[in-house]
Structures are given as C-alpha cells and as structure tokens.
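J.: Residue numbers (our numbering), protein chains in the order written: chain B, 1 to 340; chain Y, 1 to 1151.
Just so you know, these hints were derived from the structure itself, not from any lab. Just so you know, these numbers come straight off a predicted model, no measurement behind them. Keep in mind that the hints are not guaranteed to be accurate.
Stated by the list, open to error - DSBU-like mimics (lysine-lysine), calculated; alpha carbons at most 35 Å apart, straight line: (1) Y:140 x Y:39; (2) B:39 x Y:325; (3) B:133 x Y:334; (4) Y:105 x B:32; (5) B:32 x Y:142; (6) Y:105 x Y:967; (7) Y:311 x B:133; (8) Y:539 x B:287; (9) B:258 x B:133; (10) B:180 x B:287; (11) Y:646 x Y:142; (12) Y:140 x B:300; (13) B:32 x Y:381; (14) B:39 x Y:823; (15) Y:792 x Y:967; (16) B:210 x Y:281; (17) Y:619 x B:39; (18) Y:49 x B:32.
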Amino acid sequence: MASSYNAKEEDGHHSGAPAHGGAAAAAAKSKKPDNTAFKQQRLPAWQPILTAGTVLPAFFVIGLIFIPIGIGLFVTSNNIREFEVTATPTRDTSNVFMYYGLSNFYQNHRRYVKSRDDSQLYGDRSALTNPSKECEPYRMSDGQAIAPCGAIANSLFNDTLELYHIDSNGTRNTIPLVKKGIAWWTDKHVKFRNPGGNNNLTAAFRGTSKPVNWRKPVYDLDPSDPDNNGFINEDFIVWMRTAALPTFRKLYRIIQKKAVTTPTLPSGRYVLNISYNYPVLSFDGRKRMILSTISWMGGKNPFLGIAYITVGSICFFLGVVLLIIHHKYDTRNNSADIPN
Amino acid sequence: MLRRRLNRLFGGDERRVESRTINVGHRSGSPNEAIIPPKFCDNRIVSSKYTVWNFLPKNLFEQFRRIANFYFLIIFLVQVIVDTPTSPVTSGLPLFFVITVTAIKQGYEDWLRHKADNEVNKYPVTVLEDGRRIRKESEKIKVGDVVEVEEDETFPCDLILLQSSRDDDTCFVTTASLDGESNHKTHYTVPDTERNLESLNATIECEEPQPDLYKFVGRMHIYTNNQEPAVRSLGPENLLLKGATLKNTQKIYGVAVYSGMETKMALNYQGKSQKRSAVEKSINAFLLVYLCILVSKALVCTTLKYVWQSKPGQDEPWYNEKTQKEKDTNLYLKMFTDFLSFMVLFNFIIPVSMYVTVEMQKFLGSFFITWDKDFFDPEIKEGALVNTSDLNEELGQVEYVFTDKTGTLTQNNMEFIECCIDGFQYKYQDARSELDGFCVTDGPVNKLQQKAGREREELFLRALCLCHTVQVKESPEQAQDQVDGLTDQVDDLEVDGEVPYPSQEQRSFIASSPDEVALVKGAMRYGFTFLGLESKSMKILNRNNGVEMYELLHVLNFDPVRRRMSVIVRSKSGDTLLFCKGADSSIFPRVRQEEVERIRMHVERNATEGYRTLCVAYKCLSAEEYAQADEGLREARLALQNREEKLMAVYNQVETGMSLIGATAVEDRLQEEAAETMEALQGAGMKVWVLTGDKMETAKSTCYACRLFQRNTELLELTVRTLEDGGRRREERLHDLLNEYHKKAVQDAPPAKAGVTRSWSSANQDYGFIIDGATLSMVLNSSSESNSSRYKNLFLQICQNCTAVLCCRMAPLQKAQIVKMVKNSKGSPITLSIGDGANDVSMILEAHVGIGIKGKEGRQAVRNSDYAIPKLKHLKKLLLAHGHLYYVRIAHLVQYFFYKNLCFILPQFLYQFFCGYSQQPLYDAAYLTMYNICFTSMPILAYSLLEQHICIEVLLDNATLYREIAKNATLRWRPFLYWTLLGVFHGLLFFFGVRYLFSNPALQDNGQVFGNWSYGTIVFTVLVFTVTLKLALDTRHWTWINHFVIWGSLAFYVFFSFFWGGIIWPFLSQQRLYFVFANMLSSVSAWLVIILLILLSLLPEILLVVFRKPRGPNARQKELVQSSVGGHQSPRSSARPLLMRTFSDESNTVI
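Pulled out of the complex, with its shape left as it was, chain B reads as follows (with noise of 0.2 Å):
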C-alpha cells in the first residue's frame, strides 16, 4: 500500500491542498494537470506476451529438468529402504531412522491441537503451577497443576521399542538405539525449556502433578541424562509436535552407522522387543515400526518422484503439440500474408 502511494507523492502530487477527494483537488487547482508519466497513465511499461513461440522453449526447459528432476527423486526414493515391523535389514553403511507410526489418531483434531501450554513447556514458572485453559479437562490434578498440561503430553506414546540382532551364534546383540537429534534443534534448545535449567529437576517440578496417563513424573523421563529429562526430553518434544494427517509416523531412534564398510544393520535375524504400553483398539487405530534409511529428499515417498516425471512429461508433450501448432500457424500465416 505504502509503496504506490509513496510512488504519488514522488511522481508529483505536489498541490498542498487537502483534498476531500478526487473532485476537490480538481477543483481547488485549476491549472493544467501535471504532464507526469505517473499522471498520464505513461510510465514506461514492460508489456509481455505469451505466445506459442515464447513458452515453447519454455515447456522443453521445463520438461528437461522435471523429468531427470523426478527420475533422481523416483530412484532416490526406491532407493530408501523402508521395513515395517516385520522387517529385513539392510546392507546399507548409513543411518537408519527408527519411525514408530500410528494410524487413525487424531493429532489433528482440533481440540487435541489446542490442548497445551507453550509458556507452560517455555519453562515458565506462572504457567507451571497455573496453566492454560485450553489444557482442560488435563489441567490440573488433585488440586495440582499437571505438568506437562493438556491432551497432548497426557497422551505420549509410552511404548519401548528394543531391537535386537541374532547373530550366527544365536546370542541376541542390543542394537545401539540413539535419542538425540530426533526433534528440531530449535524446539530442544528454544522453544521447550525445563523451569529453572536443567539442574534439580524434582525440586523445579515440585507443585505439580504428572499427567493422568502417565506413569512416571516428566522428570523421571531419562533419568539418566539430564540433558534429555523433562521438558526437553526428545521423545516428549517429538510428540509435541503435533502430526499434520490422523496416519502418522514420529521419529523414534537412530542407529547410528558403525563405520564406512560395515554395514549399519548387517544382515540376520532381528527380534524387536516392544512393551506394548498404548492402547489403539479402542480408536480402531493401529501401531507400525518403521525402519528407513533417509536421502536428501527424506524419507520414502514415492509421490514427488512420480509428479515431477509425469508434470516433466506434459510439458514436453505439450511442446511439442505447440512446436506443431506453432509451426502450422505460422505456415498459414505466411501463406495467407504473400498474396497481401
């Protein structure tokens, strides 16, 4: 807005009297109206036009980069390896990512979306002991205030997942399952924050009560790190996070790659050992493990891959449906303009 009435003013808009509108600014000055660019609707001006001669190039361009685009995409997605649950690992010598997934939970739902504090989990002490709102019906407990508040943190996803390989000797070897590096880094070191550092945990939280459906308090969550404990624990932060569609998958573990030869989940048995803690009947929902290895462009999906080689298609098609129109068009053109 500021900009083109800015540009009035400059373009010479000089008559200092206040003007009711329109009518009276004419009226007050009755000289000839300035011959400004700006005033005479004569600012040099780019007029483009789109002809089948100029897109042309431009559907091949754009048909030459989506189709290499979406078959780098395709092949990088049919390259991540993706196992549900009954899984066989890999070969592969990076990262594996640990997804636990749900179906048919309403993250989503709008009640659910609402249902925290943000100030409360920013580690602010009033909102500690008194939190919002819209954390009903899981605000306060026996007359203490729950810490974390609302439908959200009561609702963590509570099952452990262990994973195991069975070597040839048939001994089980704990897979390393790492627990950092899950959440965004700005939600772990900004936006969740422990009331009054991460030291003393107990004390900071006394006065408070632990979610309805939670067995332990929010600062027993990783005893053992202090660092991944309360309300900066990583698999509290990653569930805060609340998912986009009611089928969602949230980040659980890393295994971390061992060295460049070896491969991170060499081939064997695997056993995965879950203590079923949360409840999907009830909801008709229903639990996945994932394990995916993770390119450039994410995780498994095959959607963007296909789009960019069919919208890559089209385009090239329809070049060269245009290229023919084009060059007939202009043929007649031509014939029609020598007898002119």
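With chain B's structure known, arrange chain Y on it following the hints.
T.: Frame of chain B; chain Y shown alone:
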C-alpha cells in the same frame, strides 16, 4: 424542518405558514401591533455531519449499516462468543482496519467541513443595530438584521437588497460559487425604500425557504407615519443569495430573510442520490453465490462431523477427552455452535478487504481522469472534474448516449450570420476566414438585389438593439483580463472604413444567453450600437452617430415555455413600443398572417442550414394599451401565489397582434471533433440519441454534420408534420406510422450480430429516427392504457434498431423521461447523458452516468453531473480509454478477489475431512489474517490502477474494442464460473499435492518429521506464490510499480514468515509457527513440491493465454498499423457548413 413538523404537531395550525413575516431591523411593523418576534434559525451553516461527541457512535452506526460490514461484525461476535477455531483477532483485525480507515477518512472530511463551516460562521460582518454599526460574527446574524456588505465580500445570508451605494439603485453580483456563472447579474433595491435605513419601518412577507435559486416571491410593507403601508413586490432580482459575491458596487445594505441552514445555498447543498454501478450489482450477485458456498460448506462439514462422530471411539478417544462443559452441552446447541464455527472458519471466502480495495481503487483511480492533460482545455483553463468515483467502470459499459445539442454537439458560440428584413436577405460578405472581417454590405446579396425600406431596416436594427437583456461590461481593462465564457469581446470595431464607428473603445457584452450577444453584435455591424443601460433608459448609437435614448419600461423575460422575450420601451418621441423576439413557432401565431409567408421561407432555409433562427416582431402600444399592460404586469409581479402563471397570462395577452419585421440567423458552430467523437461512439457500439429543445430542421442538420445520420441513412420521421400529412386523425396516423416503421426497421431487418462493425452493417440499411416532443407525449401518454404501452414498446423497438435517434422540441422533463424509458427497457442498458445546460440536469441525473460539459450555460449541469469535461471531444477518451480500462481493471479485481479467497479457503475446507471435522484451521492465525491484508492485496491494487491490457492509443483508434467489454462481459456468469473453477482447481491441487507429500512426513534429510503447521505453511506458501504469479501472468503492463509490489509482496511474505517464526512471541499462547518456515525451507522435498505445485497450477493458465493468441497488445498494434497503412481515413473536421449543406440537401430528398 423539525420545527415545522413540531408546529404542525402542536396545534400551530394557524402557523402552518407558507410564508414568513420579517420585521426589518426588528422594528415592529405597524406601531400598534405587539412584537412577537418569530423564531428563525440562526445563521450557522452546519455542513458537518459529526461533532466530537457523537462521532464515534454515529460513524460506527453508519458504517455498520452497510451489509458487508455488518456481516463481518456478526462473524466477529460469533468468534468472541462461541468457541471457534480461529481467534476473534483474525476477523476482528481486518474489520477494525476497515472501520478505522473509513472512520479516519470520514472524520478527516468532516474536520475539513468543520473548518470550512467555521470559516464561514466566524466571518466578521457589519450589522446595523439601532443606528450603530456593529461588528459581529456571521453566525450571529438573525433574520431581520440589516447587514452591510462591501465590494468583493460574499453575502453572509440571503438578503433583500434595501440600499445600494450605486446611483441607479442596483448592485452587481456574481454567483460563481453557487452555480458557476461568473457573469455579473444585476440586482435591484426594493423601490421606494427610504434612504434612511434607521427610520425604515417595514415588514417583509415572503415564502418559506425553498431550494430553487432562481425563484423568490415576497412582498414588503413599508410603514410611514400613520399612512397606509406601501406595498412593494419582491422577486429574485431583489434577493441576494448567501454565497454570492458583491461586485462593482461599493457597499449595500440588505435585510436578512433566510439565515443559516435555511438559505438557498444551504438548501441546495443536499447530496445527490447515490448511483450504483453495474459492477457493484455483479459483486453483490457473486457475493450471494459465495455466501451459498460458505453456508453449504459449513452445513456439509457439520453433517459429516456428526456422522463421523457417531462411529464408536471417534468422538472421544481416550487421548482426547472432552471437558465437562462440552459434555454437558445440549446436542443441538452443539450442532449449532459447530455450524457457526465452520462458518467462522470458512468466512474468509467472503473477503472483507475486497470492499476496501474496491473503494480504494475507485477513489485513487478517479485521479487519473482529473490528471489527464488531454482533458485540459486551455480556453477555460480547466481539466476534467470527477464528482463521484463510484461510476468509473460504468464509463466502459455505456450502451446509449443521450446528448444535448446546443452547447454539447455545438459550441454555443453564436455568430450572427444573416438576417432577413421584410423578406429581403441581408448577409455579410463571405469573409469567414478572417475572424472579425465582417462588414456591412450596403446592397443585400440576394438574387433580387433588393433591399427593404430604410425605415423597416432601421426598425429591425433598433429592435435588435433594444430587445435583450445584455449588459455592457463597464471597465474594458478588466474585461480583457477576465477570460470568461460569457463575455464576448468585440475589440476591433474599426475593421472597415465603411463602418462609421465613432469610438474605438473596446466593448464587451455580458448576457445570460450567447444568442443575445450575437444579435447585439450583429446589429452593431449594421451600424446600430447598444451603448448600455443608464438609469432605466437604453442608449443606442445609430448609423448617423446619433445617440438615441429609450426608456425601458418593462422586460418580459424569456422562458422556455413561451420561447420568446419582449421589451416595452418608450422612445424620445413618446411612442411606446413593444419589441419581441423568439422562436418562429412562438412568434408566427402572434403576428399578422400575411407577413409570415415572406419570412417563413427564409427561416426554414436558415434552419435547414443548421442556423438558429429567431423572429423579430414589434408593436406600437397606444396609451390605453400600455396602461392596461402596465397595470397587469405590476399586479402579477406583486402576487405572492402563482406569480409565474399570472405573469405568463399577462405576457401572452400583451404579446399579440404584433407585426413581423424580420428574422435572424445565428450560427452555432459544431464542437471541435464532434463528428469524430460521434463516429467513434457509434463505432464502439453505442447508440447516440440527440435530445434537444431546438427545431427539427436545425437539429437534423446538426445530426448530419455530426455524421450521426449518414447519406444512406433512411430517416423515419414521427413528428407533428408527418402526423398531419395523412389528413386523418393524429392518433390513427400515429398508429399506422409506428407499425410501418416497426415493420421496416425491426421485422425486416436481419438480426443484428454481436460485434458487427459499422462498415459491415452499412451493407444493410441504416435507419435514423426523428421524433418531436409533441408526438413523444402522444406516444407516451396515449389516451388508452393498452395503446400506451403498445406504442411505447413499438417506439422503443424501432429506436433500438436505429443507429441514431433525434428527439427535438424536447422539454427538459421529456429528456429525462426518454432516458428513464430506455434505462428501464429490456436488458436495462447502461445509459449516459451528456449536456451543458440547466435543461439537461434532469437527464443527467436520470442516466446511469451523467456527464456535464463545462460550457457556457452556467455550471448547473456540471454540478449535477458525475463527471464533467470541458469539451465534447473529451468524451471519446473518457469512454473508450478511461472507461474501458477502468472496467477491465475493476472486473479483474473483483474476479481475482473471489478467486484468491476461494483457493485460500478450499484447502482449509478439505482439511476438515482429515482432522475429524474438528474445525482445525490449516493455516496459522497470522496467515489467515494477513493473507488478504498484506500478502496479496498490493499487487491487485497496483494492477487495478495501472493495468493497460491494450494501450490507450490503440483503444482510442479502434473504437470497436469497446464492444468486447459491452454488457458487463467480464463479470458475467461464464467468466465468473471460469474463475471459480480455477480457484477450485488450485485449491484442490494445493491441498492434495501437499497431502501426498505428507504421506511420509519425514521430509528432512535428518529424518525428522513435519507436523500439521508445516503442512499448512507449505500449502500457504504455494498459495501465496501461485495467486501472485497468476496475477503477474494476467498483467500486460508492467510498470516499475507492478514489479515493485509483485516481487515486493512475495519478498515480504518470505520475510514475514521468517520473522514470525523466528521469535517466541510473548503475547501468543501457542508458538505454533516457531521455526516452521525455516525448517520447511531446509527440506528439499518441500522446495520441490512448492515449485511443482506452483507450476502445475499456472500451466493451464499459460496454455490458455497461448491459445487465445491474438489478444496480445502487440498483435493489436500490428493490426492497427496494418489498418492505418491500408487506408486509415481520419477525416479531420472539415469545413463544416459546406459539409452540412451537402448532407442536408440530400437529406431533404430522403424522407
């Protein structure tokens, strides 16, 4: 007003006054009467609407009376009361913005009005009170005060002139600020008021205030000691209007009769009725459609919500329990609030900002008209004037043009051409090339080489010199400085040695009608010079350089009904003479019939040549006759009621039995480029109707000259003359003719195809229709009801099939009637009236668009018009270029607004299917609020101000381009449907594109997942870019401003998103977007999907543009170049009389 009503209420039956009584100087009228000082309003002018105290409530009330504002207020209140998905801020903020901006604008305007009011109200004036001069503020003047006004001061209220410093008891006044007429008007003191104002004891009885500036009736009773009170009549010539300025007079004293809001100026202040443009009606229709979409969306969602919830475990899973309050709420109430919530969630589909943008576009856009230097007329040193900006786009939709003839098609710059005395023609030698090279031919140039008797000749010239109301401008030096449409300077009277002009002084005449000046000047060429009016006697200089004096006894003023005016003068020798001049039709019946025939021939020939003719007659009044006339006139002038009718009766009685001396022919030149303009308008598909009060022959020849009628145009004439031809009853004849013409023009004509160019249609027969006022009233007010509507229909159908229609001999009201009839006819075409005089005001007000020409007949037309232009030729650019562009701009603006909001809200609607119909918004509240205000508003505003899809020169050269947008072409249902489908397509694409991307939400290369706000942000980013780029695709005229706002808006969106997501905002309860945008940008997949979706959305658009090939501006230019090379005949305004004659001669044979 209120008081009058109160009076009526509280038994003031005896006070139910049609008139008021005023005691001059507050002295009681007759000494024996007790003073009951009547209450009149004070002299405060209040044009402001608000005071400091009532501004807020009153302004808010007025703003919320607009349906759109009210709707948004309701939505806002729902958001406040009901638990809705979006915070009240999202709709409250835009509403607040709109309301505040409007309130500030209105407040500012009102402050200006307050200032202007104060300036007027606090202006110091001098009032005579008990013989002392007292300085007062203007607002303290009371009715009855005697006020002193000095030269060049404006009158503080409506005054009756009591005393003037001039010897002849007159004063001069200009009413430039009232009606724009800058000539000096003479006003007279009340006769016989005493020189000594202090002892003046009088009462004034006059009518209650009424807005007509030119009407005033009153009576003054002057009481002198114990004598019968003398009664003097008061007319408009005694009344000095507030707002007018005293000129050429040192000072005057007057008594206040109307004050403050009861002055005629204040009564005239009322605004005109609001005209609404067709675009606005389209907007409202579209709005209704979108309202239906909105309601049905909300209904669908509500229904599905309850269907979905009925499945077990869906409504309240263990992880998402309801609060106790929600559980307790009644089911139906819950359904209702759910419905309201959905309404609120989707309410952005009806954009509050559209109204602001449309208003802003109209307001700012209208500046381009006032700024256009092509509309600047160096003669009057003025450009175009925009009185309303609401109708800009209507200028591009005009189908019927109703134009006045005199002053509009013609210049109203009269030139005396010839005269005819006793049947002998007197004509100047053809010296047209020299502007002032007229000279008297001693011998007349007609074939007979004869000349009327010298006596008749001189009588005729004396008549010309006496029978007028022309004033001689007093100071010639001033006259030169002042360039005024009404002063006609005759500066070199010494052109020919033959002409014995004694003085070489510069002389200029002022008159209310330019015809009169032309006649007086004409008489001067023949040796009779009007020297001026001195104390009621007119001085003329005759051929022998002798000064003749005539006492001016009465002026029988001109009026359009009588169509004539007369003067009664007494010569030195004591003869009382009446000179009368007027239209032939009004003079001929009043003179001896044997004289008529000789002159009728000349008059008719002159008329066919396009000249304005006037007949001059005279009559010698005997002493008795004069006495009788004198008494009659005085009596009628004193009448308080029906003064006009009484005067008319006396006039008619006096103006009889005259003898015809001769006739004059005055040429009214065509306006510059009148023919080209008319041709362009017809080429643009407009039907031009000429509505004039003039004679048929004159008007017809003007039509030929303007090329409204062409050589091959077959004229269908329906006038009194053709009706009388058959010798049967008029009614029957009318019936027959109508049927015959209808058959010819309507039934036999091949059905016209849309977009036919004129050249094509000329293969067919062109018809022109002529009707006169009398016949028109027969058509419209036929005796039988059934006939009336039938005739009207036939008439309309004939007219609609004619290329041009000429209606002559029209009364002003009839002009408006015709406009109204066409306006309300089938298809309700858009009409435009253009005129310059007071007689055009009614049709200007009636038509959809009224255009005033800043002509010579005062400023009334301009004041009442929607747009005013200095010349007729400017109409072409106004319609073909400005109108066309405004229409295209605003139509695109409207369609685009609906489109962008549809594809804004559709994903949010679709998201409901994936979130359990829980009214979860897809976008963050900031995005919801800012979308229409900041991210997408500026590019469309810039587009709607600057777009020139075809450049102005091409529009002006190819009038046919105007037809492409005729009949609201881009705002009809088809384009609307196209835009709506486009919006739906885009909305679907945005939503499902991102939906499939999110089938695996692990979109970052570190395996982390995206949540619902990232989803919304990706959709929103695609949306903002697509919508802006779509506009960029539509923009055909990229100025730096367009570049700036389009790329600026996108940059601003990115910048804002970073900023909004970069900070933990302490005032937000949820930090939903914290680093969402930045994280989105770190994902390659998000980038790729955004690019893909934008491209895919715009692909069909690009294809359409390509296939709709010849629409590019360059293509147009090429076409144009070809056509101009081929044979672009641009007929310059050729020597018009010649042209006129050739055409009119042909025309005579056609009928």
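J.: Given the proposed pairing of residue 140 of chain Y with residue 300 of chain B, does the C-alpha separation stay at or below 35 Å?
T.: Between residue 140 of chain Y and residue 300 of chain B the Cα gap is close to 87 Å, so the pair fails against 35 Å, i.e. violated.
J.: Holds or violated: residue 32 of chain B with residue 381 of chain Y, Cα cutoff 35 Å?
T.: Given pair residue 32 of chain B, residue 381 of chain Y holds - Cα atoms ~7 Å apart, limit 35 Å.
J.: For the pair we were handed, residue 311 of chain Y and residue 133 of chain B, check the Cα-Cα distance against 35 Å.
T.: Between residue 311 of chain Y and residue 133 of chain B the Cα gap is close to 29 Å, so the pair holds against 35 Å.
J.: Please work out if residue 539 of chain Y and residue 287 of chain B have their alpha carbons no farther apart than 35 Å.
T.: violated (115 Å)
J.: Has the given pair, residue 210 of chain B with residue 281 of chain Y, been kept, meaning a C-alpha gap of at most 35 Å?
T.: With a Cα-Cα distance of about 61 Å, the restraint between residue 210 of chain B and residue 281 of chain Y is violated, given a limit of 35 Å.
J.: Is the straight-line distance between the alpha-carbon of residue 32 of chain B and that of residue 142 of chain Y 35 Å or less?
T.: violated (43 Å)
J.: If you draw a straight line from the CA of residue 105 of chain Y to the CA of residue 967 of chain Y, is it 35 Å or shorter?
T.: The hint holds at about 34 Å.
J.: Tell me if the straight-line CA distance from residue 133 of chain B to residue 334 of chain Y falls inside 35 Å.
T.: Holds: residue 133 of chain B and residue 334 of chain Y sit about 20 Å apart, inside 35 Å.
J.: Taken at face value, is the distance from the CA of residue 325 of chain Y to the CA of residue 39 of chain B at most 35 Å?
T.: violated (62 Å)
J.: Taking 35 Å as the top limit, are the C-alpha atoms of residue 105 of chain Y and residue 32 of chain B close enough?
T.: Since the Cα atoms of residue 105 of chain Y and residue 32 of chain B sit roughly 27 Å apart, the hinted pair holds (cutoff 35 Å).
J.: Is the hinted pair residue 140 of chain Y and residue 39 of chain Y satisfied, with a Cα-Cα distance of at most 35 Å?
T.: Distance of about 14 Å is within 35 Å: holds.
J.: Does the structure keep residue 258 of chain B and residue 133 of chain B at a Cα separation of 35 Å or less?
T.: violated (48 Å)
Violation of the numbered hints given earlier is confined to hints 2, 5, 8, 9, 12, 16, 17; the remaining hints are satisfied by the structure.
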